[in-house]
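Residues per chain, in single letters:
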Amino acid sequence: MALRPVVVTGLGVICAIGRDPAEFWHRLTTGQGGLTPIQDPAFAVFEARYAGQVPDEWITGQLPESDAALDRTARLALIAARQAVAQAGLTSIDAARFGMILGKCQATPDAAGHYQPMHRTQDVLADRLSLRGPRILVSTACAAGGNAVGLAKDKILTGAADAVLAGGVDPLLFGTYAGFAGLKALSTGPCRPYSHSDGLNLGEGAAFLLLEPLDLALARGAVPLAEVAGYGLSADAYHATAPDPTGRGGTSAMRRALADAGLTTGDVGYVSGHGTGTPANDAMEAKVMRTVFGPRAGQVPTSSIKSFVGHTLGAAGAVEAVAAVLALRDGIAPPTIGFAADAVPGDLDFVPNVARKLPIDTVVSNNYAFGGNNVSLILTTPGPDRAYEELPRREAVITGLGPVSGLGVGIAETTEAILAGRQALGARPSLEGRTFAPRSLWRHMNNLSRMAIAASRLSWEDAGLKLPRKELDDVGLVFATGAGSAESTGGFDDSIAANPNKPAVLSFSNVVLNATGGAVCQTLGLRGPTTTICNGGASASIALDCALEMIRAGKAEVVLVVAADEHVGVVPEGSFVSPYDRDSASVPGSAAVAFVVEAAEHCAARGGTPYARVLGTSHADGLTWDERPELVIGGGDAEEAASVLAALPGVPLTASAGLTGDCQAATGALNIALAALAIRDGVAPALTGLTTPAAGGLADYLSKPNLPEPPERALVLSSAPGSVRGAVLLGAV
Amino acid sequence: MTTVLAHVHPGDTVYGQVGDASVPLRFGDLPDEYQVLRDRAALLDLSGHRLIEISGPAAVDFAQRLLARDVEYLTSERCMMSLVLDDSGQVVDQVLAFGRENGLLLESSVGAGDRLIEHLRANNDEGVEITDRSGDLTVLGLEGPYAWGVVGRLIDGELASLPFEAVADTVWNDVEIIFARTGFTGEYGYQMIVPIESAADLWQASLEHVTAAGQEALELAMLEVRQPIPRLETAGGANVIEIGANWLVDVTKDEFVGKEAVLAAFESGQGRRTVGFSGGDTVPEPGARVLAGGEDVGEVVLAVRSVGLGATLGLARVDAELAAAGLEFTVEGAGVTTLTSPYIVPKSWSIPII
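First to last, the protein sequences are chains S and L.
Count along the first sequence from 1, add 591, and you get the number used in my numbering.
Count along the second sequence from 1, add 1, and you get the number used in my numbering.
Check before you lean on any hint, since a few could be wrong.
To be verified - What follows is a list of derived Cβ distance ranges for each label pair:
no.	chain 1	residue 1	chain 2	residue 2	range
1	L	Gln271	S	Arg1197	53 to 59 Å
2	S	Arg1030	L	Asp30	42 to 48 Å
3	L	Ile352	S	Arg811	58 to 64 Å
4	L	Ala7	S	Thr856	43 to 49 Å
5	L	Gln271	S	Arg1030	24 to 30 Å
Unchecked claim - Sample of chain S residues at the chain L side, in silico, Cβ under 10 Å:
no.	residue
6	His830
7	Pro836
8	Thr837
9	Pro870
10	Arg1030
11	Leu1032
12	Pro1059
13	Lys1061
14	Thr1114
15	Gly1116
Worth flagging that the hints you see were computed from the coordinates, not collected in a lab.
Quick caveat, the model's predicted, so the values are computed rather than measured.
The beta carbon of each residue, even a glycine, is placed where N, CA and C say it ideally should be.
Start from the sequences and build out the full structure, keeping to the hints where you can.
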């Protein structure tokens, strides 16, 4: 079956070797690297000094005065995004059909140096560029940029968007530098991947690719630069920072990508490697090449442009995808520079030092990340306009619930607490007395991972899933979090403040947002497609969307969606919290919630009992539903109440944040889980404390947890303030 | 119990009874077999290790209670070594536990199968199925600094770089085998659990790449890296702490058979400790006295002639405060020096798998 071809029509990049794609490509093909000693005196405390830095004048020279006050991350991203849109010549498009998937590894500071939500950069860009379509912040650490391009393709295939900006951005941050130095992962000179693998250099930058369907691109006279033929995701399920030494994860990502693209290894002309220059990465990658290509491995050139620009983390996959598109266009493989002249000649061709002209019709671009997240992206020379089939629809059901909050651990305790109307505002879940992972792992885990693993295991048990090892290799995992581990981020920041040369390395490995998802994969042995979504309170709703896409595209039959967020520090006591009440305060909370999403036919074949069917999801403007819900569970804000009461008069509205506090992504997931519970068991959280509704009257809200009868359909609403709103409609089976 | 591979071993193979098993002690010359193991890769006939399957709904609960380490979440792609203790904290056996989809598979230490299976059955409160699989399965081992290369040539290069204690269900010559990265000697080590009817074929195919080594070479190399050899080290009622096998128990577990005795031993701090020593021209017998400044401070647990050190190497159990490296003792009139383990540095530590 041929699906709708998706092409790249615009490129944008800014990094250490270029302020735009032309300069970037010129330096790549002429071997002019950009790794230089860091001038900022703060970095003088480190022995390793080289990095791929973007000169300030490249930034200021490309931005109008009105953008000057933005933080560095937003400015880098904005430059690359505008370049991509300009090259694509995309001038007239319905804003609601124009989306953005942004990959980012680090929580980056605002212009004043304070942490800001992961998705803030994306919101700034969407505002400036008037994008109102699907918006996803993907944070699979160093695989995020490549992952973003793949998710963008999905958005076009499912018909959610007509154009998507896909890319990545990360600036050079002192803390991250200290963390890599603490892991002894930095090279003291310019890095030399594949030959003198003694460490990496960090870099900074941004890159975007503009993706659109081939038919629409041709119809508006755009020039397709490359086709996004396919992509593959995988989880190592091995270790927080080290790659699986067998290369199993990297191998399956590449094989999945080739299968997705309908290509074979024989079609591949060039591989853009991850090539960080660390011994563990480079050794693992060589294994992946040998395993995937077999006897042909030596005939497939593979190089690392990190030897030019350093490791730009969340941007890396996008920067490398831009290079891959240009490699296809010109039939040139960029070299691995700094390749040691005295390197023992091996069996692989790393394109040492000099760019090479060769016929290339298919490029594979690989990225491997902390948390054991891998992505392979396949780009091909654009083909002619052709007939295609729509992505088939597949029914998906929710089959297992694993809420872990102050209300209880597991769905039975949670149901009991809801029926009793028990409030546990801001309370941490109690996991005393039970370990949910081997003790050797459990004792080193931070709180967020423990909660998430407990939630995952409980949802798995609740679903009654007993899968043989082979099937676990294809079980997907989508992790949703607003801010990741506050405990590890705080611990790491404190250690850097005390002594940048003694960072808390265990905490550092947990600072990446996908670390917890990786820990879940490792503990449960899941090696299917995996990604991490960071769109605040809407994260779980978007994560469910990604899970549905995996199932719809046939990439997984079972996907675990896990959301977790935590609050560290004091929870204000004595606050009046009642969602939708004019006088309600908001209290932060800590929770993890997992639910199992399964292809309906898979569930039926194994005799499982679903809670609910997923009827639809939406994250763009203009929600419309053919079928009217009979219950709405929302985030709890007044604006939401007003619009629900106007659109769905007579449908009871409720929320869970009054019981647990606002647990960001986990609250979004809890509401989805509770909607599923309501549909099957007729139980939902009630707003017993509501006295002065911000909209409507008391009768508009759910006042008793025992529903007269289970609703046929329940709508779940969530939002990331100032960013995305999400809606999920579940129905009875 | 004789080895199922007896018919393929050379006629002049020297066998010996170890516990309930008759195993090849050496196929030829001990120093040669030892050197093969330390320098290249040796093939091991581990048929004296009993394979016991634990299955049924309560298999994991049972194993979690009977094994001293945490096996609650041992997946089918992991294995781990653990002690099995009795109520008094005495070592019943040291097993390799493999997670399986329907329970666990336990591999006993050499010759200890009867005792282990009897202990398991006597403690089967959960009513699990305990099946002796040694009638249809056996174990072959590969050990040595280049054992990974052999794995690549014999089965699949991808398996060679499996992490320590990882397990893969794989196929060799159309036969399903369980393949594990393990290791007893500090060198790269692998085990293959194979149906008995295919064991001889796998043994012969392996011999195209490696040389066989017997139990004597294996145990010598184990001693050199302080890998416990339970039947030789637990004589005389020594407890877990005295034999220095703390790493094979996990006292953070809620409960396991023998836990209270282990905790009591931890808390009392009493008893002797085990330390390695080298020196002297003769090999003292187990039980030989160890003197410090003329005073009796302990006894020899076991001693051998170490090919790697070219000297006598042994373990002594001495007063706790004297169980440290670099002390001078007298054993049977000869001066010996206590050592820190490992007593030789395995070559594998400096050879990467490529």
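Each hint, compared with the structure:
no.	hint	in the structure
1	L/Gln271 with S/Arg1197: 53 to 59 Å	holds, 55 Å
2	S/Arg1030 with L/Asp30: 42 to 48 Å	holds, 45 Å
3	L/Ile352 with S/Arg811: 58 to 64 Å	holds, 59 Å
4	L/Ala7 with S/Thr856: 43 to 49 Å	holds, 46 Å
5	L/Gln271 with S/Arg1030: 24 to 30 Å	holds, 27 Å
6	His830	holds, 8 Å
7	Pro836	holds, 5 Å
8	Thr837	holds, 5 Å
9	Pro870	holds, 9 Å
10	Arg1030	holds, 4 Å
11	Leu1032	holds, 8 Å
12	Pro1059	holds, 6 Å
13	Lys1061	holds, 9 Å
14	Thr1114	holds, 7 Å
15	Gly1116	holds, 5 Å
In summary, this structure violates none of the numbered hints.
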